[in-house]
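Construct the entire structure; sequences and hints are all you get.
Using this note's numbering, you'd call the opening residue of the sequence shown number 1 and step up by one each time.
It is worth saying that the hints were derived from the structure and are not from the lab. Bear in mind that the values here come from a model prediction, so they are computed numbers and not experimental data. Hints are all accurate, no fakes.
Here are the simulated lysine-lysine pairs, DSSO-like style, with alpha carbons at most 30 Å apart:
#, residue 1, residue 2
1, LYS52, LYS84
2, LYS52, LYS40
3, LYS89, LYS52
4, LYS84, LYS40
Cβ pair distances, simulated, as ranges:
#, residue 1, residue 2, range
5, ARG83, LYS40, 11 to 21 Å
6, PRO3, SER81, 13 to 23 Å
7, GLY56, GLY29, 19 to 29 Å
8, PRO15, MET88, 25 to 35 Å
9, SER82, ARG46, 13 to 23 Å
10, PRO17, MET58, 27 to 37 Å
11, LYS84, ALA54, 14 to 24 Å
12, GLN77, GLY56, 30 to 40 Å
13, GLY43, LYS89, 30 to 40 Å
Cβ coordinates follow ideal geometry from the N, Cα and C atoms, glycine included.
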Amino acid sequence: PNPFNPVTTIRYDLPEPGMVRLVVHDLRGRVVTTLTDEPKQPGSYRVQWQGKDASGRMVGSGLYFYTIEAVASGSNQTYRSSRKMLLMK
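Here is the structure:
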């Protein structure tokens with residue numbers, strides 16, 4: 001998803017059912033918006049971010065990070081990954 005303007009698509013695969021949380025942060029670590037925070041079944045998923053904060057306002061150009069955390073329903077095993085995204089206007 002780098003660089004992007006005005007929309008980027010974040011893809012992830014879930015091998016087993018679990019709770020998934022996908023959050024966008026700014027460089028200071030502040031939460032910009034939460035894109036997903038719900039239980040999901042196994043499968044491939046795509047989530048779009050339109051470069052907006054939780055209030056629906058466009059954010060400025062710059063470097064952002066997304067963190068995806070999945071907790072498996074059966075084993076409570078946690079998977080966590082972070083990636084950077086560059087929004088260019």
